[in-house]
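This is what each chain is made of:
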Amino acid sequence: METTPIIGSAVGIQYQGITDRSGSASAAGLTNGLIVGDFSRGRVDQPMLITKDTLVQLGDTTKPAYQTVADCLDTGVPAVLVMRVSQS
Amino acid sequence: MQIVLSSAGVVSLTPAAGDLITIDYELHSYLGDGVAVEVALSLATGATAPTPANTIAQLTWRDTVTDKIIYRVSGIVGLPIDNPKSLLSVADATDQFSSIEVTTVSTGFAAAVTGSNAYNAPNSLGRNKVSLTLPDDQPPAFNADALYDAITLMEPKPSYLVLPDADDLVVMETMQRVMQTLNVPLLVELDPTLTIDQAASQITAIDAQDHRVVAIWNPTLSRPATATSLRGAKKTRRAVGQLVGKMLLRNARVNSQGIPPIDTPVAGHDFPFTFNSMEMRPDVVLNNSALEKLATAKINVLRRLKFDTGVRFVLSDVLTQYQSENSALRLINSMEIICYTTNIVLEILKRHMLKKTTGFLVDADRDIGNFLSACAAAGLLQPADDLGGQPFTYALTADPTAPFERVRLVMQRRPEGAVRSVIFDEDVVVK
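Just so you know, the sequences run in chain order A and B.
Those letters in the first sequence? Residues 1 to 88, per the working numbering, in order.
Those letters in the second sequence? Residues 1001 to 1431, per the working numbering, in order.
Keep in mind the hints are simulated off the structure, nothing from the lab.
Quick caveat, the model's predicted, so the values are computed rather than measured.
Each residue gets a CB set at the ideal place from its N, CA and C atoms; glycine is no exception.
Hints may be right or wrong, so weigh each one.
Unchecked claim - To give an idea of the chain B side of the interface with chain A (calculated C-beta under 7 angstroms), a few residues:
| hint | residue |
| --- | --- |
| 1 | Ile1070 |
| 2 | Pro1139 |
| 3 | Ser1159 |
| 4 | Tyr1160 |
| 5 | Lys1246 |
| 6 | Pro1260 |
Okay, chain A solo, but in the shape it has when bound (with noise of 0.2 angstroms):
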């Protein structure tokens, strides 16, 4: 005996997998921070996702955004998302 997805005249299972409904409505998280601000390293077409060990990867220290970056990671916080705008 055959075990089918589309069972004809013959004997045989009809069976097409299972159907996964085991997947309760979850609320997504609120865990996201982005901090937008003039850096002076880094890329501008996308955000990156800055944790301490990657706080290089945004230049120089004296400036405001950084050190907002360095203040939200030093609460604890594991990594924050971070877009680099350029001058306007």
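Since the structure of chain A is provided, determine the placement of chain B on it from the hints.
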């Protein structure tokens, strides 16, 4: 940018005919100035004579001011990208390069590599490297539409937009457009060196008038994060980084149903700011008239307050930029609850879209009901007389004008508030 090894063994940024190794790369990042790239060449384990198939190049981009490593990649120069040991494969995996190509020439390769200052022979200490200072690398001019697209299309969607510098009006306006699209709070910080009048007039001039815009101002002095001496001058600094950090940490403390405690505003006694050696700016006197002026401009000021438990520097208000005297939307926590519940309900609707109508009505109704009940149980929504004593009401029905393809959701809820004022009447009686 091209890094080359010439036939004479010289590593440089200047390509010429006859180069034996040419690494032509472009980073996503614009590195600015003060960056050098270090090149070190060595051989794979067991190799004795350099060939393109066994020579490892290690490239290190280093900040020349702090000496910290920005990026580092290391791999065999002559192998194709399919080989995981190749420089191409290692560089590609970092996601930092928009393009990288390596070209090698076999003729005279061994002599050029072994004659180079960057070459580290097998069993040597491995400290030889050549450092090349990169030219200044600046990004293209600001493009508001590109910024809008980059943020609105990013994943994951941001929960907060933070603008540490509200001075740049073009960026500010773009961020307001982004905020409208994403329906998330926008935290902006005013220049900490402004006077009270300047701060009030600046935010009044921006005139955001939106409940999702929150303005803060930090007229305090503290020791800078980069200070190396206890005697150095104290400086002004931005506080919005620490504020958003506290908000994200608060939001991570979800209850068992996944609801974040956003009914608790991050302000006042329980959320002190902790910059080193804080004090108020001596030229900023926050007397009654100054505080009234700042509250009228709806600026949340970080200031020193004396509590019965001691002195703390706290955010001393919870106002949004909403133009109203008594709406719930003028309070930060109420605004956060409104944004959060709206966004989650939108997500629920999206998830069930394109199902058959009766299935949609049953499934979306159930999920919205469960979600709002969970919010009410967590304290985000409070009972309201207008809603018959319920914290929320909603109705999801098929639209009579287009019953086959359109449904209608009507939702009302009453968010939690925050106490900004107390009226205290007291009497003394004889008996």
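Legend entry - Violations among the numbered hints, reported as their numbers in ascending order: Going through the list in order, the structure violates no hint and respects every one.
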